[in-house]
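With these hints in hand, go ahead and build the complete structure from the sequences.
In order, the protein sequence lines correspond to chains G and R. Every letter in the first sequence is one number past the one before it in my numbering, and letter 97, counting from 1, is 716. Every letter in the second sequence is one number past the one before it in my numbering, and letter 322, counting from 1, is 453.
These are computed hints drawn from the structure, not numbers from a lab. Hints may contain errors.
[Said to hold, decoys possible] Taking lysine-lysine and the DSBU-like style, the derived pairs with C-alpha atoms no more than 35 angstroms apart in a straight line are: (1) G/787 with R/237; (2) G/756 with R/235; (3) R/577 with G/706; (4) R/597 with G/707; (5) R/276 with R/416; (6) R/607 with G/781; (7) R/489 with G/709; (8) R/461 with R/312; (9) G/706 with R/583.
Keep in mind the model is a prediction, meaning the values are calculated, not measured.
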Amino acid sequence: MNFTNLQIETDSLPKVEDLDLKPISKSYFKIIILNQLALYAILIGLVFGIRYFIEKEEEVQLNLGYMLAIVLGFCVVNFFISFLAFKKRKYAIREHDVVYSKGLIIHSVTTVPMSRIQHVEESRSWLARHFGLATLKIFTAGESGSDLSIKGLPHLEAKQIKEIISNKVNGNN
Amino acid sequence: METTDFSQPQRQSSKGIIIIFAFNAVTFFKKFFVLFIAFGISILKSKSIGNVTPTMMFLALIAVLLIILVIAILKYLNFKFHLSNDDFHLATGIINKDNTIIPKSKIQNVYIKQNFLQQVIDVVSVKIETAGDKKSEIEISALDKPTALLLKKKLFHKSTVENTQIEDIEEKNIFFKVTPKRLLLEGLSENHFKSFLIIFAFVFGLYSEFEQYLETLRVEDHIADLVRLDDDTFFNLLVTNLVIIIAVVFISFLFSVVKTFIINFNLEVVEHQKTVEINKGLFNKISLSLTPSRIQNLVITTNRVKQYFNLHSLSVKQAMVNAKQQKNFKIVALEKEQLNYLTDKLLTNYSNNGETEKPRPYFMRISAMKMLFFLLVINGMLLGLFGMELLWMNILFVPLAMLYVYYAYKKAYYRISDDFVTIGSGVIDTTTNILEIHKIQAVKLKQTIFQKRIQITSVVIYTASKSVMIPYINEKRACKIYNFLLYKVESQERDWM
Numbered sequence: 620m621n622f623t624n625l626q627i628e629t630d631s632l633p634k635v636e637d638l639d640l641k642p643i644s645k646s647y648f649k650i651i652i653l654n655q656l657a658l659y660a661i662l663i664g665l666v667f668g669i670r671y672f673i674e675k676e677e678e679v680q681l682n683l684g685y686m687l688a689i690v691l692g693f694c695v696v697n698f699f700i701s702f703l704a705f706k707k708r709k710y711a712i713r714e715h716d717v718v719y720s721k722g723l724i725i726h727s728v729t730t731v732p733m734s735r736i737q738h739v740e741e742s743r744s745w746l747a748r749h750f751g752l753a754t755l756k757i758f759t760a761g762e763s764g765s766d767l768s769i770k771g772l773p774h775l776e777a778k779q780i781k782e783i784i785s786n787k788v789n790g791n792n
Numbered sequence: 132m133e134t135t136d137f138s139q140p141q142r143q144s145s146k147g148i149i150i151i152f153a154f155n156a157v158t159f160f161k162k163f164f165v166l167f168i169a170f171g172i173s174i175l176k177s178k179s180i181g182n183v184t185p186t187m188m189f190l191a192l193i194a195v196l197l198i199i200l201v202i203a204i205l206k207y208l209n210f211k212f213h214l215s216n217d218d219f220h221l222a223t224g225i226i227n228k229d230n231t232i233i234p235k236s237k238i239q240n241v242y243i244k245q246n247f248l249q250q251v252i253d254v255v256s257v258k259i260e261t262a263g264d265k266k267s268e269i270e271i272s273a274l275d276k277p278t279a280l281l282l283k284k285k286l287f288h289k290s291t292v293e294n295t296q297i298e299d300i301e302e303k304n305i306f307f308k309v310t311p312k313r314l315l316l317e318g319l320s321e322n323h324f325k326s327f328l329i330i331f332a333f334v335f336g337l338y339s340e341f342e343q344y345l346e347t348l349r350v351e352d353h354i355a356d357l358v359r360l361d362d363d364t365f366f367n368l369l370v371t372n373l374v375i376i377i378a379v380v381f382i383s384f385l386f387s388v389v390k391t392f393i394i395n396f397n398l399e400v401v402e403h404q405k406t407v408e409i410n411k412g413l414f415n416k417i418s419l420s421l422t423p424s425r426i427q428n429l430v431i432t433t434n435r436v437k438q439y440f441n442l443h444s445l446s447v448k449q450a451m452v453n454a455k456q457q458k459n460f461k462i463v464a465l466e467k468e469q470l471n472y473l474t475d476k477l478l479t480n481y482s483n484n485g486e487t488e489k490p491r492p493y494f495m496r497i498s499a500m501k502m503l504f505f506l507l508v509i510n511g512m513l514l515g516l517f518g519m520e521l522l523w524m525n526i527l528f529v530p531l532a533m534l535y536v537y538y539a540y541k542k543a544y545y546r547i548s549d550d551f552v553t554i555g556s557g558v559i560d561t562t563t564n565i566l567e568i569h570k571i572q573a574v575k576l577k578q579t580i581f582q583k584r585i586q587i588t589s590v591v592i593y594t595a596s597k598s599v600m601i602p603y604i605n606e607k608r609a610c611k612i613y614n615f616l617l618y619k620v621e622s623q624e625r626d627w628m
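If you want it as structure tokens, here you go:
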């Protein structure tokens with residue numbers, strides 16, 4: 620029996636913290652901007668709507684200036700956070716696994732070993748098609764929390780990664 | 132009895148018609164329950180609506196039952212299963228014909244179940260579950276017991292041949308049988324908070340279901356009368372509250388005991404050579420086998436009182452089993468030695484070595500903050516509902532909250548050995564979570580922006596059945612664990628199922 624049980628030097632293991640993660644495509648930020656702008660437009664619309672309806676029904680004067688200031692303040696902060704969070708979206712494909720990190724306020728780094736991937740999917744929304752981007756979805760057998768969805772990859776790269784992973788997954792079986 | 136030949140397509144026992152009929156009838160009436168009551172009441176009140184008389188209603192009811200019966204018969208006639216070499220075939224459907232084929236190797240579990248009606252007419256149902264698709268669950272609802280056992284054996288046959296050749300010489304060994312006394316203790320020592328919540332939810336659910344009818348009875352006015360506070364009646368109120376509390380406590384005790392008895396009646400753990408079989412239940416008799424390679428997590432729970440009586444429960448989590456089944460995989464009232472033995476059997480070479488480590492004290496800060504928030508909400512509610520009068524309750528709440536934080540931290544630990552991760556947690560209960568490293572599906576580091584400053588990170592470990600977290604540890608240590616776990620999973624190429 621060819622059995623060995625060598626001690627593992629934990630310091631010499633491949634380190635995820637030293638990994639050079641690759642940022643996602645810059646043009647994905649445009650999609651984020653568009654989404655956020657739509658949200659802000661709805662919020663500001665709501666402010667005017669509320670004012671219009673309430674003042675019609677009751678005899679209260681709402682201070683439009685204050686309300687707008689609060690909403691606009693929120694929008695600015697939210698935009699700033701979105702921008703910083705965007706920079707945190709990074710990924711890496713290693714020989715044996717896929718690493719994806721994201722999140723500003725709650726930062727997470729998820730790694731899915733290739734041998735645990737059930738299937739890979741590449742999907743493109745209408746907006747993403749417009750900017751030549753794609754989303755790579757990686758499914759495992761675990762609960763939904765362990766599935767990865769890497770948004771904002773250049774279409775070609777997403778396709779390539781999908782090929783690489785599919786080959787690896789099929790090769791292992 | 133002659134052995135059944137499973138290679139020919141065959142129907143279930145003809146008693147199946149009764150089972151299907153009863154099942155469909157019950158689901159039908161459940162769906163239209165509220166409607167029925169509404170109709171019934173209004174008809175009784177006014178004798179007739181339009182042209183509908185009670186007799187007509189009665190006839191309609193019979194017609195509905197007849198239709199359900201016909202459907203049941205058709206379902207029964209169209210339900211055929213057989214085994215060919217390595218596959219299980221099933222044909223169902225009255226109008227839409229479905230043909231399901233399951234390779235034996237993909238079968239994860241075969242349960243034998245017997246609900247109350249099935250016990251009366253002496254048949255069992257066989258449930259076949261595969262990992263993955265939740266919908267592909269298959270149930271043959273009426274077979275006589277010897278046939279069912281034979282089918283189960285045949286379904287597992289192939290996969291066992293692959294591993295070892297000698298499962299045929301079945302070494303049966305009833306390893307553990309629960310005594311009524313231990314079940315009683317188990318029920319009494321349960322975490323009654325949960326029962327209390329269930330009762331509360333049940334009453335609340337009933338209330339909202341019947342709100343309309345209750346309204347007509349003007350119950351709310353009565354309650355409003357009761358709740359109205361007077362200074363003279365303050366003492367009265369105190370006594371009433373005390374009575375209510377005692378009643379609730381008593382009911383939750385009773386509820387726990389009865390529930391434990393019904394679910395775990397005659398609990399029996401049978402040890403086979405490779406697998407472990409659990410039999411239990413009073414109204415719903417179930418029998419299921421556990422295969423060690425399919426197990427993703429083991430969860431051991433006990434609490435102070437249970438420890439005193441030497442009672443431990445063991446839950447076995449498998450991949451993709453729905454929540455309702457999941458709770459059946461629980462063995463209660465085990466003694467410490469039996470528990471250790473079973474753990475050893477289900478997880479080969481489970482070693483408890485490795486350093487026991489604790490989360491950073493930051494853990495306490497977070498739980499204290501959660502508790503503070505909880506207290507604020509409770510205080511807000513008390514203020515809103517009763518004014519200043521009940522704020523003295525904080526004398527009770529605050530020490531409880533402090534104890535909660537203290538125990539939550541005291542019980543939290545983690546231990547990583549070569550092949551296993553063990554995580555301890557719990558406040559009232561003591562929970563131990565064990566998982567095998569080579570069954571990990573994904574690993575995640577999680578850090579909030581506040582934790583970044585003080586270099587604290589949590590590690591989330593996903594398996595196919597559930598995720599567990601090693602909370603709030605040093606960043607460097609977390610990275611080390613992360614790398615180590617990934618190395619283990621990726622270098623071994625062992626299957627997770």
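Hints and how they fare:
In summary, the hint linking residue 787 of chain G to residue 237 of chain R is supported, as the alpha carbons are separated by about 22 angstroms, within the 35 angstroms threshold. Note on residue 756 of chain G and residue 235 of chain R: the hinted pairing holds, with a Cα-Cα distance of about 30 angstroms set against a maximum of 35 angstroms. Pair hint residue 577 of chain R plus residue 706 of chain G holds up; C-alpha atoms about 17 angstroms apart against a cutoff of 35 angstroms. The suggested pairing of residue 597 of chain R with residue 707 of chain G holds, with an alpha-carbon distance near 27 angstroms, which does not exceed 35 angstroms.
A threshold of 35 angstroms between alpha carbons decides the hint, and for residue 276 of chain R with residue 416 of chain R the separation of about 12 angstroms falls inside it, so the pair holds. Taking the CA atoms of residue 607 of chain R and residue 781 of chain G, the gap is near 32 angstroms; set against the 35 angstroms cutoff, the hint holds. Distance hint between residue 489 of chain R and residue 709 of chain G is fulfilled; the C-alpha atoms sit about 31 angstroms from each other, no more than 35 angstroms. With a CA separation close to 18 angstroms, the supplied pair residue 461 of chain R and residue 312 of chain R stays within the 35 angstroms bound.
For the given pair, residue 706 of chain G sits about 16 angstroms from residue 583 of chain R by alpha-carbon distance, which is consistent with the 35 angstroms threshold.
Comparing the model with each numbered hint stated earlier shows that all of them hold.
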